[in-house]
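Those protein sequences? They're chains U and B, same order as listed. Quick note: the first sequence uses my numbering, first residue 7, plus one each step. Quick note: the second sequence uses my numbering, first residue -5, plus one each step.
Possibly wrong hints are sitting among the right ones.
[Claimed, not checked] No farther apart than 30 Å at their CA atoms in a straight line, the calculated lysine-lysine pairs in the BS3-like style are these:
(1) LYS129(U) to LYS58(B)
(2) LYS53(U) to LYS85(B)
(3) LYS149(U) to LYS53(U)
(4) LYS96(B) to LYS129(U)
(5) LYS97(U) to LYS58(B)
(6) LYS53(U) to LYS81(B)
(7) LYS63(B) to LYS129(U)
(8) LYS129(U) to LYS85(B)
(9) LYS63(B) to LYS96(B)
(10) LYS152(U) to LYS85(B)
(11) LYS129(U) to LYS97(U)
(12) LYS149(U) to LYS99(B)
(13) LYS63(B) to LYS97(U)
(14) LYS149(U) to LYS63(B)
(15) LYS99(B) to LYS129(U)
(16) LYS85(B) to LYS149(U)
(17) LYS81(B) to LYS152(U)
(18) LYS58(B) to LYS149(U)
(19) LYS149(U) to LYS134(U)
(20) LYS134(U) to LYS97(B)
(21) LYS97(B) to LYS129(U)
(22) LYS96(B) to LYS53(U)
No wet-lab data here; the hints were simulated from the structure.
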Amino acid sequence: MNIRARLVVFGLVAALLLSTLGLKNASAADLTDEQMARISANCLTIKGSLNQLHASDALLRVNRGQIYESMGTKLMNNFNGRLGSNGLDNKGLTAVTESYQTALTTFRTNYQTYERQLSATIKLDCGKDPSGFHDAIEDARTKRAKVHTDVLRLHQYIDDYRSAINDFMLNFERVTGKN
Amino acid sequence: MDEHDQTPDVVVKAEPAGRFRDEHRFLLLIIGTIFIAIIMVIVSLVMYNVSGSAQLDLSRPGYKSVSDKVDRSNEITDYSAFGPVNKDTVKEFTTLYDEQAKKAKAVDAFNGDPLNPEVLEFSDPLSSTE
Chain U
7 MNIRARLVVF GLVAALLLST LGLKNASAAD LTDEQMARIS ANCLTIKGSL NQLHASDALL
67 RVNRGQIYES MGTKLMNNFN GRLGSNGLDN KGLTAVTESY QTALTTFRTN YQTYERQLSA
127 TIKLDCGKDP SGFHDAIEDA RTKRAKVHTD VLRLHQYIDD YRSAINDFML NFERVTGKN
Chain B
-5 MDEHDQTPDV VVKAEPAGRF RDEHRFLLLI IGTIFIAIIM VIVSLVMYNV SGSAQLDLSR
55 PGYKSVSDKV DRSNEITDYS AFGPVNKDTV KEFTTLYDEQ AKKAKAVDAF NGDPLNPEVL
115 EFSDPLSSTE
């Protein structure tokens, strides 16, 4: 029984090691020798492009972030507050605002993760480890795509809030008799 | 007998330490101050990095080319959270909101695929032509 348990543990460890090695080889296998050589040869040029992207994305994050933050704090929250202080039904608008704030938090977090990955990639020595560099770029690419998805989600919530205002107005006019 | 033997030892050991502290009080104050300052700097740097402020700080090295391109003209007017609600005030809000929504959606930020191997020019020419 004891030996059997040891064999099971050994088998599990071996399977884990093999799968890890297999995954590593699979990602390295995606890259041909020619690609690896090209990465090593164009290392500086690629890093230059990554540095430019790093800076332009940071600027984009600052400028877009300001607008997204202001829309939530200066417009949505204040309008919801005004409706609430007048005893009007603002549930629909508050729900959209909450979703918007959650999406904004996700956008902030995902951008942070992406920026860290891109910074780490830039610091890698692509001349010595083209395969690792390639994997790091792929990882940053996936993370950047997530940030873009977050931006689209924010745009969707901005539209949803506008629709919620229309719904509120219809209800408001009905209740107050088109005042 | 043992107690009498041990007591003078304790006194002898305690005195130089107290004397050292008294004689170097100013030096100890300086060292303590520097130590506290170092700890506070470390804590603030960790907070600066963990909170995400570092990512928004365009005065860092590497961002000089874009630091002057921050849009400072786009100040959104606050909509007051207090006041009456009627058709006019809602219209005032929707005008303000539509204007900002248009600006927010004007840029499809982080679109495209600049990290694509083909864009970075290290893709396999054979696989890209296939």
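Hints, verified against the model:
1. LYS129(U) to LYS58(B): The hint holds at about 19 Å.
2. LYS53(U) to LYS85(B): Answer violated: LYS53(U) to LYS85(B) is near 50 Å, above 30 Å.
3. LYS149(U) to LYS53(U): Within the cut-off at roughly 18 Å; holds.
4. LYS96(B) to LYS129(U): Cα-Cα ~38 Å, so violated.
5. LYS97(U) to LYS58(B): 45 Å, violated
6. LYS53(U) to LYS81(B): 56 Å, violated
7. LYS63(B) to LYS129(U): It holds: about 25 Å lies between the C-alpha atoms, which stays within 30 Å.
8. LYS129(U) to LYS85(B): Measuring from Cα to Cα gives roughly 52 Å; hence the hint is violated.
9. LYS63(B) to LYS96(B): Judged against 30 Å, a Cα distance of about 20 Å means the pair holds.
10. LYS152(U) to LYS85(B): The given pair, whose Cα atoms are some 35 Å apart, is violated under the 30 Å limit.
11. LYS129(U) to LYS97(U): Violated, at roughly 48 Å.
12. LYS149(U) to LYS99(B): 21 Å, holds
13. LYS63(B) to LYS97(U): 39 Å, violated
14. LYS149(U) to LYS63(B): 25 Å, holds
15. LYS99(B) to LYS129(U): The hint is violated at about 33 Å.
16. LYS85(B) to LYS149(U): 40 Å, violated
17. LYS81(B) to LYS152(U): Cα-Cα ~40 Å, so violated.
18. LYS58(B) to LYS149(U): Status holds; Cα separation ~24 Å.
19. LYS149(U) to LYS134(U): 24 Å, holds
20. LYS134(U) to LYS97(B): With Cα atoms ~45 Å apart, LYS134(U) and LYS97(B) exceed 30 Å; violated.
21. LYS97(B) to LYS129(U): 35 Å, violated
22. LYS96(B) to LYS53(U): Outside the cut-off at roughly 35 Å; violated.
This entry does not satisfy hints 2, 4, 5, 6, 8, 10, 11, 13, 15, 16, 17, 20, 21, 22, going by the numbered hints stated previously.
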